[in-house]
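Engineer: Okay, here's what each chain looks like letter by letter:
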Amino acid sequence: MATTTLGRRGRAVPVGGRHRPALRALLYLSPWLAGFSVFFAYPLIATVYFSFQRYDLFTLEPVGLLNYRYFLQDEAAWTAIRNTLWLVVVMVPARLLFGLGVAQLVTKLKAGAGFYRTVFYLPSLVPLVAGTLGFVYLLNPGTGPVPTILSAVGLPSPDWFGDPGWAKPGLTLLGLWSVGDLMVIFLAALLDVPKQLYEAAALDGAGPWQQFFHVTLPVIRPVLMFAAVTGVIQTLQYFTQAMVAARVASGSTDSAGSVFTPGYPAQSTLTFPEWLFHQGFRDFAMGYACVLALILFAVSMVFTLFLLRQFRGLAEEDA
Amino acid sequence: MTLTLAPASRRAAGRARGHRRRAALTWIATHALALALAIMFLAPLAFIALTAVMTDHQALTSRLWPEHWEWGNFAEIFQKAPLLTWILNTLMYAVLATVFMLVSSIPVAYALARFRFPGRKVATLLVITTMMLPPQVVAVPVYILWARFHLTGTLWPLILPMLLGDAFSIFLLRQFLVTIPKEYSDAARVDGYGEFGTLVRVILPMARPAIAAVALFQFFYCWNDYYGPLLYAGTDTSHWTLSIGLASFRAVHRVQWNLTMAATLLAMAPVIIVFFFAQKAFIEGVKLTGVK
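From first to last, the protein sequence lines are chains A and B.
Counting along the first sequence from 1, when you hit position 91 you're at 89 in this note's numbering, and nothing is skipped either side.
Counting along the second sequence from 1, when you hit position 203 you're at 437 in this note's numbering, and nothing is skipped either side.
Think of the hints as simulated: they come from the structure by calculation, not from any bench.
Note that this is a predicted model, so its numbers are computed, not measured.
A hint or two may mislead.
[Stated by the list, open to error] With a straight-line Cα cutoff of 27 Å, these simulated BS3-like cross-link-like pairs (lysine-lysine) come out:
id, chain 1, residue 1, chain 2, residue 2
1, B, K521, A, K106
2, B, K355, B, K521
3, B, K514, A, K106
Assemble the whole structure, with the sequences as input and the hints as a guide.
Structural biologist: Encoded structure:
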């Protein structure tokens, strides 16, 4: 397609020769093309190569499928997969429902809507390390305010980040607290639903619930879908909160570089990216870490492709 | 006629009263729920702040309100840990990465949004794909690359790549730039601007909200980043950022929750302060990612 532009008298005038536009695009894209090759395309190929090697940053030894065979019997890896799956199945839907509920509530508030939106959004900006540290303290038995308040009203409080059964629910609470980014997206979508649709539904005698299920949900479905899939992709990367909670709750003296077994208590918070990190950059089993990286790549790619199919318009709405 | 009208209007009035009462009850219920939720969202921040000014002893006694206000805790954390170094490192990382990201990503986003060239769709899809894929996927070879340059143990492996564009920012900027009507660039062309002049003089001023949003997101991403510094900063605490320092803080000051919470509050404070000044930019940015 020849690029044209409007000349002084409104006539279309071709710009440059046949190859000019492509060359110009290449110039503007060059930083990203370089970045894509050095920090994405090449490492992806290298990851495949290293996955067949034993590599500790100093010696490289081809070992065939050994790393892959090791994965099949690596129990910690399977625990990490189960934990990550737990978060996908429980935390992602919980955040979606809660985020949608909070957004729906904000649409109903006339007075003070701005104040509430601010309050609900703010926690999602709090640094993850700070928020996690805060939650471990808040839920800490004996000293934390939450158990204190619960016991004041006669309710028992579990040893959240010290009990393997309660550590993931503890992380989920943290995830619900920082639901503000989802809330903003949902709120924008809800406010975009045409008013006439509600009026028409009300004329047909639809109550609030029927309006929600027959008008609101179908209209905001694409946004919900987008949030669900990106939520899953984000959860596949879940790292900081699990790592910090385990480290702080266990009172580990780990600093960057020293020995630390993540997943405290009893590997209940060990996520897949954490195990990858631990294998590759603490134990320097880099070949094996590449096997884990490829698994993460495959799973994330499936969800990304699904997202792209659902949102074909994402890249071409102006074309 | 009058006989039938009277009860009907009375019934209507009664129905209206019922409606009004139900509306009032709904109003009260909605606001009560919102207020309760607001308190639950703010409570963690309040408790962290209150614990930060408790005495060492009191932080262990599960009392909720401080007996004495220990403002000295904030001075103490600066003495106990190289907090100032960590803050400066974090600032350097965040500021340089943000500036580098803007310089490299704006032209890319502009080209993807405005230029027609073969492969444009593929390039956009690749940006979205790299944005979606976890950074851990390519971590090993990238780490080895930086180790070869002897840059592990510093924050440079996190800063320098920003000179080569950031997929999330490119995507966000592109989403905004495609919404600017073509007529503006055509008008600039008529005024004699070239492609670069159009970008700088016409498009950039119009894209200021989107640029502010990606800059803020990048800055806060770096300020909050834990994975990156943990991977590269190494064992020398003088290269640490606030997030790594904070995560190790309690290990060193084991039972001193008051000091740990003071440090936590310190890490949150800039975020909260900036948010109140730049709320609109944040919220616009989040909405842009919501993809309609």
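Engineer: For each hint, tell me whether it holds in the structure or not.
Structural biologist: Hints and how they fare:
no.: 1; hint: B:K521 to A:K106; in the structure: holds, 19 Å
no.: 2; hint: B:K355 to B:K521; in the structure: holds, 23 Å
no.: 3; hint: B:K514 to A:K106; in the structure: holds, 21 Å
Against the hints set out earlier in the document, no violation occurs for any number.
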